[in-house]
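Q: In case you want the letters, here they are:
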Amino acid sequence: MIPQPYRMVDRRVETTDTVTVTLEPLETELGRWEPGQFTMVYVFGVGEVPLSISGGSCGLIQHTVRDVGPVTHAISTAPAGTVFGLHGPYGQGWQLAPPTTGDLPPKADLVVLAGGIGLAPLRPVITEALARPGRFRRVCVLIGARRPADLIFTYEYGGWRAAGAQVLVTVDRAESGWRGPVGLVTGLLLRARFAAPRTTAYVCGPEVMMRFAARDLSHLGVPADRIRVSLERNMQCGTGWCGHCQLGPLLVCRDGPVIGWDVAGPLLATREL
Amino acid sequence: MTAPTLDLMAAHPFLAGMSRQQLDRLARWSHRSLIHAGGRLFSEGGRAERFWLIRDGQVALDVHVPGRGDVLVETLGPGTVLGWSWLFPPYRWQFGATALAHTHAIELDGAGVRALCEEDPELGRELYRRFIAVVVDRLQATRVRLLDLYAGDQS
Chain L
0 MIPQPYRMVD RRVETTDTVT VTLEPLETEL GRWEPGQFTM VYVFGVGEVP LSISGGSCGL
60 IQHTVRDVGP VTHAISTAPA GTVFGLHGPY GQGWQLAPPT TGDLPPKADL VVLAGGIGLA
120 PLRPVITEAL ARPGRFRRVC VLIGARRPAD LIFTYEYGGW RAAGAQVLVT VDRAESGWRG
180 PVGLVTGLLL RARFAAPRTT AYVCGPEVMM RFAARDLSHL GVPADRIRVS LERNMQCGTG
240 WCGHCQLGPL LVCRDGPVIG WDVAGPLLAT REL
Chain S
0 MTAPTLDLMA AHPFLAGMSR QQLDRLARWS HRSLIHAGGR LFSEGGRAER FWLIRDGQVA
60 LDVHVPGRGD VLVETLGPGT VLGWSWLFPP YRWQFGATAL AHTHAIELDG AGVRALCEED
120 PELGRELYRR FIAVVVDRLQ ATRVRLLDLY AGDQS
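Same order as they appear, the protein sequences are chains L and S.
Numbering-wise (numbering that gives the first Met the number 0), the first sequence opens with residue 0 and increments by one.
Numbering-wise (numbering that gives the first Met the number 0), the second sequence opens with residue 0 and increments by one.
Read the hints as simulated data drawn from the structure, not as lab findings.
One should not assume that every hint holds.
Cβ pair distances, simulated, as ranges [unchecked claim]: (1) S:128 <-> L:24: 53 to 63 Å; (2) L:175 <-> S:101: 17 to 27 Å; (3) L:178 <-> S:31: 16 to 26 Å; (4) L:133 <-> S:33: 46 to 56 Å; (5) S:101 <-> L:157: 15 to 25 Å; (6) S:110 <-> L:196: 32 to 42 Å; (7) S:38 <-> L:242: 57 to 67 Å; (8) S:15 <-> L:96: 21 to 31 Å; (9) L:57 <-> S:43: 49 to 59 Å; (10) S:101 <-> L:46: 20 to 30 Å.
Covered by chain S, per the in silico footprint, the following chain L stretches (three or more residues, Cβ under 8 Å) [stated by the list, open to error]: (11) 141-153; (12) 184-193.
Backbone N, C-alpha and C define an ideal beta-carbon position, used for all residues, glycine too.
The shape of chain L in the complex, shown without the other chains:
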């Protein structure tokens, strides 16, 4: 719970309002993190926000931040060298299945479906899934954004493709020069190559988009308990004490943010929860 000082050693501009910051520990490192978990990032004198971990290794932690409020504005505009306070990691991650053991060929397919900045918490799981060839039979990365200029991590798509992933990208609004698909990200499911009954799907983005994605994945035959979504609620403490992020019987910061659709689906369909 005590924030550990982390210094920003790199700041990469992703879009006009989104940056990826790389942080290194000055004293004690946070514990080992899993893809899908988040940390609480404290900007001294401004406030604290929960941020998904979007990458990092060897003690470094990356967060991809969209400038939407006072704290995220302070992080987005801070110069390299700025020190923040971090605590965590918190929550349940994507829970990537362990690699197939022995000489057995992989049987499972993985679909990663991201909308907007929802790709940020999915990036480490893509990296991990592709790190060991043969872990999955197929990996499909489906990405949607508002405009081409709003796409993040575009510099990594080539590497993901080279590692064997099918990477499909669509935008809601085309701009001149865009030659790719235009339409809702769920429209990419028809083009993705995966066998639904043996697929695990990770979905992150605006909640309505996740509902549509989960619905379509279910219709295609992906079991609900193998569709995992990353929820966003008003997470204040990160440890399940304050109750701000309650969603029915769940505390999203503790029981989530990643939750199976078999559990999340009925809760998200209930108004006022």
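Starting from the structure of chain L, add chain S where the hints point.
A: Okay, now just chain S, sitting in the frame of chain L:
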């Protein structure tokens, strides 16, 4: 021509599960087509006499906006169906369509299929049911896009 088209039709998601007999009747009004990248399939206001089952490639739907030219509103890829204005009067295209890549499709004759639906109500009902599902799907996707969800999301 009919036999290979029949096999391609059976493999297309839009017609998945239709009986061999129904596919055979539809196949009589179909042929394979290749639209080269940049090829114009139809333009807004033109007579809607055909539709396509896209097998491979990509087609852009556009609408002409004065001062902005042809604005791309949506793309359709493999496994989708292009064109439903042939189903209802006044049989005019409401949008334009251009192939963005070499596109392989099965092209069907609208008037022929309409006549087929009249004489074979079961086939007609099945085909209309499938088209309604496509229309509903696209309507819902359009509504979600109208929400402009990505404008306010955060990590």
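Q: Which hint numbers doesn't this structure obey?
A: 4 and 10
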